[in-house]
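Peer 1: Line by line, the protein sequences are chains L and G.
The first sequence stops at residue 290 when you use this note's numbering, and every number in between is there.
The second sequence stops at residue 419 when you use this note's numbering, and every number in between is there.
Possibly wrong hints are sitting among the right ones.
Covered stretches of chain L (chain G as the covering partner; in silico rule of three or more C-beta atoms under 8 Å from a C-beta of chain G) [claimed, not checked]:
{"hint": "1", "region": "51-58"}
{"hint": "2", "region": "92-105"}
{"hint": "3", "region": "230-239"}
{"hint": "4", "region": "264-274"}
Rather than coming from a laboratory, the hints here were simulated on the basis of the structure.
Yeah, the Cβ is synthetic: ideal placement off N, Cα and C, and Gly gets one too.
Chain by chain, the residues:
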Amino acid sequence: MIRELFSDSFALKENYLTGIDARIKLPFIIAAMCVCVSCLKGALPLTIAAAVFCFLGSIKIPLRVMLARVSAPLGIAIMVVFLQVFFSGKSPIIKIQLFGHTLVGYKEGLELGLLILCRVIGSVSLIIFLSMTTSLDKLLAAARYFKVPATAVEITMLAYRYIFMLFEDVSIVRQAQKMRLGYSSPLKSLRSMGELAGAAVIKAYDQSLAIQEAMMLRGYKERMIYSSAPPYTRKDFVAAAIFSAVLSALLLIAHYSV
Amino acid sequence: MTNPIKKRLFAYFLLSASCFLIFTDTAFAMHISEGILPLPWAGLWFLIALPFLIKGVVDIKKKAKENASFKPLLGLMAAVIFVISCMPVPVPTAGTCSHPAGTGISAILVGPVMSIFITSIALLIQALFLAHGGFTTWGADIVSMGVGGSFAAYFAFKILRGLKANLFISGFIAGVLADWVTYIITSFELALALHGTKPLGPLFTAILAAFIPTQLPLGILEGFLTAGMIVFVSKRRPDILAALGVIKETALSKNKGAIARWVVILFSLGLSVSSARAENKWSGVDESVVEKVAQEHGRSALTPFINTDQGDLLLFVFLLAGVFGGFVLGYLWRKLFVEKDGLKHDTGTIQR
Numbered sequence: 033m034i035r036e037l038f039s040d041s042f043a044l045k046e047n048y049l050t051g052i053d054a055r056i057k058l059p060f061i062i063a064a065m066c067v068c069v070s071c072l073k074g075a076l077p078l079t080i081a082a083a084v085f086c087f088l089g090s091i092k093i094p095l096r097v098m099l100a101r102v103s104a105p106l107g108i109a110i111m112v113v114f115l116q117v118f119f120s121g122k123s124p125i126i127k128i129q130l131f132g133h134t135l136v137g138y139k140e141g142l143e144l145g146l147l148i149l150c151r152v153i154g155s156v157s158l159i160i161f162l163s164m165t166t167s168l169d170k171l172l173a174a175a176r177y178f179k180v181p182a183t184a185v186e187i188t189m190l191a192y193r194y195i196f197m198l199f200e201d202v203s204i205v206r207q208a209q210k211m212r213l214g215y216s217s218p219l220k221s222l223r224s225m226g227e228l229a230g231a232a233v234i235k236a237y238d239q240s241l242a243i244q245e246a247m248m249l250r251g252y253k254e255r256m257i258y259s260s261a262p263p264y265t266r267k268d269f270v271a272a273a274i275f276s277a278v279l280s281a282l283l284l285i286a287h288y289s290v
Numbered sequence: 068m069t070n071p072i073k074k075r076l077f078a079y080f081l082l083s084a085s086c087f088l089i090f091t092d093t094a095f096a097m098h099i100s101e102g103i104l105p106l107p108w109a110g111l112w113f114l115i116a117l118p119f120l121i122k123g124v125v126d127i128k129k130k131a132k133e134n135a136s137f138k139p140l141l142g143l144m145a146a147v148i149f150v151i152s153c154m155p156v157p158v159p160t161a162g163t164c165s166h167p168a169g170t171g172i173s174a175i176l177v178g179p180v181m182s183i184f185i186t187s188i189a190l191l192i193q194a195l196f197l198a199h200g201g202f203t204t205w206g207a208d209i210v211s212m213g214v215g216g217s218f219a220a221y222f223a224f225k226i227l228r229g230l231k232a233n234l235f236i237s238g239f240i241a242g243v244l245a246d247w248v249t250y251i252i253t254s255f256e257l258a259l260a261l262h263g264t265k266p267l268g269p270l271f272t273a274i275l276a277a278f279i280p281t282q283l284p285l286g287i288l289e290g291f292l293t294a295g296m297i298v299f300v301s302k303r304r305p306d307i308l309a310a311l312g313v314i315k316e317t318a319l320s321k322n323k324g325a326i327a328r329w330v331v332i333l334f335s336l337g338l339s340v341s342s343a344r345a346e347n348k349w350s351g352v353d354e355s356v357v358e359k360v361a362q363e364h365g366r367s368a369l370t371p372f373i374n375t376d377q378g379d380l381l382l383f384v385f386l387l388a389g390v391f392g393g394f395v396l397g398y399l400w401r402k403l404f405v406e407k408d409g410l411k412h413d414t415g416t417i418q419r
């Protein structure tokens with residue numbers, strides 16, 4: 033499950049959404065996110081989320097994967113809803129007796145909390161859309177196109193490339209520690225976890241020296257060489273037009289529904 | 068604080084903490100989720116984080132010119148922070164699992180500015196692939212976890228090392244502070260964005276209180292994790308810590324120099340004593356004082372119980388002492404000369 037959640041395996045499959053250039057998707061997703069977090073009604077982010085889940089469903093992304101990704105931010109968002117209910121507003125809707133004190137929940141707070149919840153659902157669904165339809169190398173190429181510093185792109189690439197390797201190594205060491213009863217008591221667990229982190233650091237350091245040698249042998253000089261961005265295709269222009277139309281329509285709906 | 072306010076805060080604490088525990092199966096509360104911050108606050112936190120990122124990029128470029136393996140090292144460190152922050156740590160008080168921040172480790176190893184930079188990369192990958200944190204909350208998360216956590220850990224570690232605290236204690240305090248400072252800043256960021264027209268203080272207290280059941284013990288666990296890591300690396304590969312500038316090479320070179328000086332002095336003393344004995348220039352205290360006084364009082368020396376002057380007995384005793392001493396020294400070599408100073412050999416080339 034963690035592999036499905038984390039890797040960009042879905043983004044590497046060929047379909048009509050993965051075929052759209054990341055340079056088109058990235059600005060629209062960021063624009064849609066800004067719309068989501070600044071809207072004053074919950075309907076717009078929920079519509080965006082529904083549309084995103086429909087699109088992702090059409091390319092056969094399992095619902096459980098989408099829900100698993102949404103669940104973690106939702107937990108925090110629900111906590112925020114409760115805090116808003118009891119800390120914002122003027123019109124009481126609920127009173128709770130707790131340890132001799134009355135906590136008052138307010139209508140305005142509930143509305144604001146639910147709005148934040150909707151914003152979270154909408155924005156997170158957009159991130160899921162981006163990560164499920166665009167592999168990281170394409171996203172980083174798009175980032176280079178938009179003049180993000182090469183150093184940042186390069187280090188992100190290296191980090192992403194070696195996360196999986198480190199995961200494997202850490203899993204092997206952890207399994208070996210478990211087999212040797214390294215987690216049989218709280219004290220042993222603490223010690224084992226420290227050693228696990230230490231083993232990861234040692235592995236990372238050795239690997240970085242090996243990478244440097246390998247890169248030098250392949251002609252690396254201070255920075256990676258990137259190929260020039262491919263030209264936009266007709267499909268990209270169509271996608272840009274559709275995204276613009278959908279975003280404008282949603283904005284208009286939101287504007288007139290207020 | 069008056070009693071009703073205390074009661075009210077306690078009630079809010081219980082409510083918010085229980086909400087937090089009920090709704091977060093695994094406490095991924097290290098980051099502010101996507102969509103929670105309104106756009107102006109998201110922009111402001113990003114602007115605050117931006118100078119640190121620019122400084123990071125500039126420093127990396129400079130270091131990469133001096134040392135080509137610096138960029139791969141940072142990439143790998145970002146991967147380590149990501150992996151460590153995915154390690155499930157059971158939090159007994161909450162009955163749930165949480166995850167460490169890992170910024171304490173990175174701040175100790177590569178310094179606070181680089182730590183902020185690699186934390187931002189780890190946060191970006193987490194936001195993209197695990198939906199922990201987000202794009203619009205990226206700046207706020209960098210400020211809390213990267214800036215707050217890294218600087219707290221780095222200064223705590225440096226100050227404690229300056230006060231001659233050992234690696235375990237320094238690492239532990241650095242890890243604890245990295246975690247707790249992150250949560251304090253996260254609570255502040257959330258409270259600032261959400262307090263609306265109400266006063267900031269009570270909401271900040273309530274959010275902070277909501278984090279306490281998981282983050283108080285988690286901070287301590289993170290302290291143990293950081294301390295365990297640094298001690299483990301210092302025992303197994305002290306050259307890494309030396310190459311990254313975490314422990315100083317001068318400690319070993321000073322010790323090595325002192326040992327060498329003592330060896331030379333003792334050796335020269337031994338040589339001069341033996342040559343003097345050979346030429347019979349010097350007589351010992353026994354012969355020149357004790358024997359003389361004893362003879363004056365009519366007492367003469369008895370035959371020794373074990374006469375080492377006979378045959379090669381003295382040589383044999385020296386041989387035995389040498390074998391025993393050599394064995395003990397060899398057995399304890401690592402403890403005496405390697406682990407104590409935390410330096411075995413210097414093969415690394417990376418300097419922070």
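Peer 1: For a quick check of understanding: which of the numbered hints are violated here, in increasing order?
Peer 2: 1, 4
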